[in-house]
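There are 2 protein chains.
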Amino acid sequence: MRTLTFYERVSTAFHDYPSLSKLLVLFTVSGGGLVAYAEANPTNGAHAVASSQSEYKKKVVVLGTGWAGTSFLKNLKNPSYEVQVVSPRNYFAFTPLLPSVTCGTVEARSIVEPIRNIVRKKNVDIRFQEAECYEIDAKNKKIYCRSSQNKNFNGKEEFVVDYDYLVIATGARVNTFNTPGVEENCHFLKEVEDAQNIRRAVIDCFEKASLPTVSDEERKRILHFAVVGGGPTGVEFSAELHDFVNEDLVKLYPGVKGLVKITLLEAGDHILNMFDKRITAFAEEKFKREGIDVKTGSMVVKVSEKEISTKEMKTGEISSLPYGMAVWSTGIGTRPVIMDFMKQIGQGNRRVLATDEWLRVEGCDSVYALGDCATINQRKIMEDISSIFSKADKDNSGTLTVKELQEVIDDICERYPQMELYLKKKQMRNIVDLLKESKGDVAKESIELNIEDLKSTLSQVDSQMKNLPATAQVAAQQGTYLANCFNRMEECEKYPEGPLRFRGTGRHRFHPFRYKHLGQFAPLGGEQTAAQLPGDWVSIGQSSQWLWYSVYASKQVSWRNRILVVTDWTRRFVFGRDSSRI
Amino acid sequence: MRTLTFYERVSTAFHDYPSLSKLLVLFTVSGGGLVAYAEANPTNGAHAVASSQSEYKKKVVVLGTGWAGTSFLKNLKNPSYEVQVVSPRNYFAFTPLLPSVTCGTVEARSIVEPIRNIVRKKNVDIRFQEAECYEIDAKNKKIYCRSSQNKNFNGKEEFVVDYDYLVIATGARVNTFNTPGVEENCHFLKEVEDAQNIRRAVIDCFEKASLPTVSDEERKRILHFAVVGGGPTGVEFSAELHDFVNEDLVKLYPGVKGLVKITLLEAGDHILNMFDKRITAFAEEKFKREGIDVKTGSMVVKVSEKEISTKEMKTGEISSLPYGMAVWSTGIGTRPVIMDFMKQIGQGNRRVLATDEWLRVEGCDSVYALGDCATINQRKIMEDISSIFSKADKDNSGTLTVKELQEVIDDICERYPQMELYLKKKQMRNIVDLLKESKGDVAKESIELNIEDLKSTLSQVDSQMKNLPATAQVAAQQGTYLANCFNRMEECEKYPEGPLRFRGTGRHRFHPFRYKHLGQFAPLGGEQTAAQLPGDWVSIGQSSQWLWYSVYASKQVSWRNRILVVTDWTRRFVFGRDSSRI
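Chains B and D, in that order, are what the protein sequence lines are.
Take the numbering used here: the final residue in the first sequence is number 587, and no numbers are missing along the way.
Take the numbering used here: the final residue in the second sequence is number 587, and no numbers are missing along the way.
Treat each hint with caution, since some may be false.
Examples of chain B residues lying across from chain D (beta carbon under 10 Å, computed) [to be verified]:
1) E112
2) P119
3) K146
4) C150
5) S585
Once the Cα atoms are required to be at most 20 Å apart in a straight line, the calculated EDC-like pairs of lysine to aspartate or glutamate come out as [unchecked claim]:
6) D:K126 to B:E252
7) B:K311 to B:E222
8) D:K225 to B:E162
9) B:K293 to B:D274
10) D:K521 to D:E532
11) D:K262 to B:D253
12) B:K126 to D:D130
13) B:K126 to D:D253
14) B:K225 to D:E162
15) B:K311 to D:E162
16) B:K256 to D:D130
17) D:K311 to B:E222
18) D:K126 to B:D130
19) B:K127 to D:D253
Worth flagging that the hints you see were computed from the coordinates, not collected in a lab.
We treat Cβ as the ideally placed atom computed from N, Cα and C, and that holds for glycine.
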């Protein structure tokens with residue numbers, strides 16, 4: 006047992022000294038890269054302020070173990086809650102590496118970590134249940150769950166969990182836009198199992214094409230890989246597949262070398278349209294050079310067993326492409342349980358669950374929603390303009406002076422982030438500049454506004470409202486934010502720290518959630534990655550690839566994942582990707 | 006691309022200098038172990054003597070990519086063959102590590118290697134087809150194959166392959182001995198997929214048992230793991246599972262800690278009965294100490310969804326055990342295609358395909374069978390006794406002198422290996438000792454034997470005939486042997502090197518196959534392994550575990566596998582086994 010103890014000690018060392026993490030990152034980026042970018046998790050802030058040991062622990066139920074749920078659990082430090090996690094997956098998966106799993110650049114197991122392991126050493130009472138929630142009863146504060154396992158099972162499959170607070174972080178499902186044949190014939194790329202299936206399917210195509218009885222035409226069809234959706238996932242998968250085929254498979258399947266074709270179908274005018282134009286152009290050019298056929302402006306209208314029908318967006322022309330394997334990676338849809346819940350709480354006509362800026366589900370007490378299953382319904386400044394006016398007009402004079410306005414402007418900017426964006430867009434420093442623009446060039450002190458003046462000054466502000474993208478980054482930040490709110494719930498109840506309540510009295514308990522965009526990557530294959538970092542800094546090439554390696558390694562949820570992913574990359578460099586059909 | 010080229014060079018270096026392999030082994034066994042044991046593959050013998058470039062290449066068809074088939078392909082060096090491999094698995098799997106895969110000590114992908122990769126750099130024309138042979142037509146020298154893939158497939162699913170030589174190495178399937186319910190309710194442990202399913206099933210049981218609605222009794226049932234068969238596989242799996250539970254799972258599932266139970270059921274009197282008694286006793290003692298319930302003398306007669314019925318061999322008493330998951334690892338059976346083939350060639354009443362000592366299927370020209378699907382039907386010395394007598398009696402005197410006998414004794418020993426075993430058992434040096442025993446203590450020169458004397462002298466020899474065990478070691482040695490025969494087919498046709506043909510004229514082309522037992526391991530968990538090495542050398546404990554590590558690492562089919570397996574072991578030491586349900 007001596008040996009084990011020694012190793013356990015090593016393993017504990019990794020756990021206890023997060024700074025060791027930096028060392029690995031340094032190792033990872035030995036070829037160059039931005040270590041500083043890899044911001045480590047803020048674990049320095051000691052273990053939560055323990056609240057007075059009350060008799061009754063409030064029950065928090067968390068649905069889902071994706072980015073949002075896991076980040077919430079990781080950051081929850083207040084031991085005054087009793088937390089129950091319900092999810093059909095007993096692990097967290099580092100989804101941005103899923104495209105790498107499809108081709109074996111990284112192994113599936115390297116990017117997953119059991120949720121029990123993540124929450125094990127916390128001082129919060131967290132229990133996990135592998136089950137799916139199929140109904141939320143917000144009125145009675147209950148959720149109904151069903152175990153995902155049926156076979157060989159005597160116990161009741163269904164059970165009910167009470168909650169005081171419910172945190173919904175179930176994520177989204179694939180949206181097929183009701184295109185016929187997609188469910189039956191396309192692969193998706195949302196879950197770990199999807200990636201594993203795609204990997205097997207790619208090998209299958211090559212084995213099929215190698216059979217002696219297959220005609221040349223059929224062989225070409227079987228080796229035609231269609232990717233629907235030119236977003237980051239679709240683009241990265243196409244690039245990975247291209248590398249897999251050209252770096253590894255052609256060596257093993259020399260007979261089918263010239264027949265492989267990859268087509269990327271995108272309904273919009275460009276692929277990667279959420280990125281800077283330079284990146285889009287570079288990606289399109291690179292794919293063209295490498296023989297990946299990028300078909301933009303072409304919408305998939307039907308998928309049959311062997312053909313994809315597309316419609317040209319400009320001409321309306323319908324054409325069909327024979328294919329061997331198709332991956333559908335466009336759009337996100339709402340899960341049925343969330344849909345039902347939305348009807349229940351009067352959000353039936355919405356696309357996703359709406360929350361306020363504190364991630365509380367609208368029209369529903371004690372329920373929070375974050376990640377891909379929810380969207381923040383940012384309040385419009387124009388809806389509250391009269392309340393803002395009367396709140397600011399402290400002397401009830403019916404007009405606002407600049408001084409009066411300046412006293413509330415920070416609260417306005419915090420409550421309505423579009424205000425800040427608007428000023429930034431107009432390249433103005435503060436509200437005085439805005440007033441000057443609307444009132445003409447007069448002395449600051451002499452400006453007085455009535456309600457109509459204020460309305461007209463701020464009339465364009467709401468145009469700057471933006472929905473957050475459905476990314477891992479947003480979900481993770483929301484999880485951390487919400488955990489911090491839960492950690493200081495009692496404290497902030499007493500000493501609220503948020504902005505002024507314009508329509509009520511006092512202050513909001515917490516600062517509203519603010520997303521901080523840290524940049525985005527688009528790996529393009531062949532050791533080239535495009536990176537768009539804050540401040541519109543664009544970087545394309547091998548150095549971004551190393552940045553990508555270092556960021557993705559440092560962002561792993563555990564030391565185990567980190568080392569596994571790095572060794573997987575090393576394995577791939579040395580031995581290539583494996584093509585065994587397992 | 007510069008980077009890639011560098012790494013490719015490293016990778017090539019590994020391929021080209023097998024001696025580097027020794028280095029890794031040294032590294033692996035740093036804790037101690039027998040490096041010398043890790044006999045490397047004999048690759049020193051330069052690349053085969055190329056036969057004269059004839060116009061027609063003889064077609065060799067190989068069925069199966071297991072130990073026997075792969076070892077045949079690896080060692081085949083004569084470029085005068087055109088080889089076609091047909092197997093439903095496009096990879097070779099290092100099956101002795103399957104029990105480790107069940108619990109994640111080693112990853113499935115680490116023990117597989119694509120067969121195309123194994124044969125890629127050879128100078129022999131080898132092609133692979135992922136399909137299953139469903140009929141062998143030995144009369145017309147054809148095999149009928151079916152692709153294992155149906156979906157999205159236009160080409161004909163079935164095809165026919167002609168052969169000049171057929172090498173059958175399809176292995177065996179699990180034998181349930183027609184016990185009711187086994188197929189439906191038990192896991193097997195023969196294929197990589199089986200091991201992956203077992204891994205998921207174990208985690209499933211722990212998740213099920215953690216659900217809130219499960220009763221305590223039910224929880225105990227769910228966490229009862231039954232292993233049927235006390236052979237090396239069953240024992241190793243029980244030990245692995247015990248370690249997995251106690252080293253890793255109890256930390257993550259503290260609530261179900263005391264409820265886990267492992268039962269090992271064996272119909273015989275002892276587990277590991279093919280091993281030395283000291284090993285059996287140690288294993289039984291160790292399992293007892295660790296709480297693994299070893300039930301010997303207890304035969305499984307029925308398996309229902311939740312209960313296993315067993316019959317006590319001594320008392321005949323039937324009892325039933327509630328269980329959560331069962332693994333069936335006893336007995337090997339014949340595959341249907343082999344069964345059909347046996348009927349076709351008049352072996353219908355046999356259990357497995359019978360071959361002669363040169364691995365040729367009896368009663369069937371140009372067909373060879375090796376590995377678990379075949380057994381060598383060793384010819385009895387008493388059947389050929391008259392032929393032997395007349396062949397040895399060169400002067401046709403009707404009696405044999407010692408000199409005459411000594412001239413053929415080497416051929417007899419080679420042709421009938423039981424002769425050698427018999428002498429060894431009797432602790433005799435040579436045949437003269439045997440004659441002395443039978444004729445009394447007379448002068449060597451004066452001994453003369455007639456046919457009846459010879460018969461009575463050798464009458465007990467055939468009792469020493471032994472069937473070879475169905476192990477990877479036997480299969481691999483048979484593959485190598487057969488490849489060497491194929492490599493020197495033409496050469497040995499001209500200059501036969503085998504023993505005298507007693508019933509015909511001249512000599513046999515090749516030496517008959519001789520199995521060289523290199524020893525056997527039985528890992529018992531907790532870093533303890535039992536090893537039984539040639540010469541009845543028995544070693545149990547941690548040093549054998551390191552020997553096991555070093556041998557298993559060195560025996561891997563490729564450098565990729567070797568490094569993957571070693572890093573998997575290292576990962577396990579540092580991070581434990583993963584319990585994500587993927």
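Now for the hints, and whether the structure bears them out:
Among the interface hints, the one on E112 of chain B holds; its C-beta lies about 6 Å from the nearest C-beta in chain D, closer than the 10 Å criterion. Annotation: P119 of chain B was flagged as interfacial toward chain D, and the flag holds, the nearest CB pair being 5 Å apart, inside 10 Å. With its C-beta approaching chain D no nearer than about 17 Å, K146 of chain B sits outside the 10 Å limit, and its interface hint is violated. Contact between C150 of chain B and chain D, as hinted, is supported at the beta carbon level, the nearest pair being about 9 Å apart and thus within 10 Å.
Checking S585 of chain B against chain D by beta carbon gives a least distance of about 4 Å; that is within 10 Å, so the hint holds. Taking the CA atoms of K126 of chain D and E252 of chain B, the gap is about 16 Å. The hint holds against a cut of 20 Å. As the CA atoms of K311 of chain B and E222 of chain B are separated by approximately 13 Å, the hinted pair is consistent with the 20 Å bound. With a C-alpha separation of about 17 Å, the suggested pair K225 of chain D and E162 of chain B falls inside the 20 Å cut-off, and the hint holds.
Only pairs whose Cα atoms come within 20 Å are accepted, and K293 of chain B paired with D274 of chain B is accepted, the gap being roughly 15 Å. With a C-alpha separation of about 28 Å, the suggested pair K521 of chain D and E532 of chain D falls outside the 20 Å cut-off, and the hint is violated. Simply put, K262 of chain D and D253 of chain B have alpha-carbon atoms about 45 Å apart, too far for the 20 Å limit, and the pair is violated. About 57 Å separates the Cα atoms of K126 of chain B and D130 of chain D, which puts this hinted pair outside 20 Å; it is violated.
With a C-alpha separation of about 14 Å, the suggested pair K126 of chain B and D253 of chain D falls inside the 20 Å cut-off, and the hint holds. Of the supplied pair hints, the one linking K225 of chain B and E162 of chain D holds, its CA atoms being roughly 17 Å apart against a limit of 20 Å. The straight-line distance between the Cα atoms of K311 of chain B and E162 of chain D is roughly 16 Å, inside the 20 Å bound, and the hint therefore holds. With a C-alpha separation of about 15 Å, the suggested pairing of K256 of chain B with D130 of chain D holds against the 20 Å cut-off.
Proximity of K311 of chain D to E222 of chain B is assessed by CA-CA distance (about 52 Å); at most 20 Å being required, the pair is judged violated. Restraint check: the Cα-Cα separation between K126 of chain D and D130 of chain B comes to about 57 Å, which exceeds 20 Å; the hinted pair is violated. Straight-line distance between C-alpha atoms of K127 of chain B and D253 of chain D comes to about 18 Å, which keeps the hinted pair within the 20 Å bound.
Taken one by one, the earlier hints fail for this structure at numbers 3, 10, 11, 12, 17, 18, listed in ascending order.
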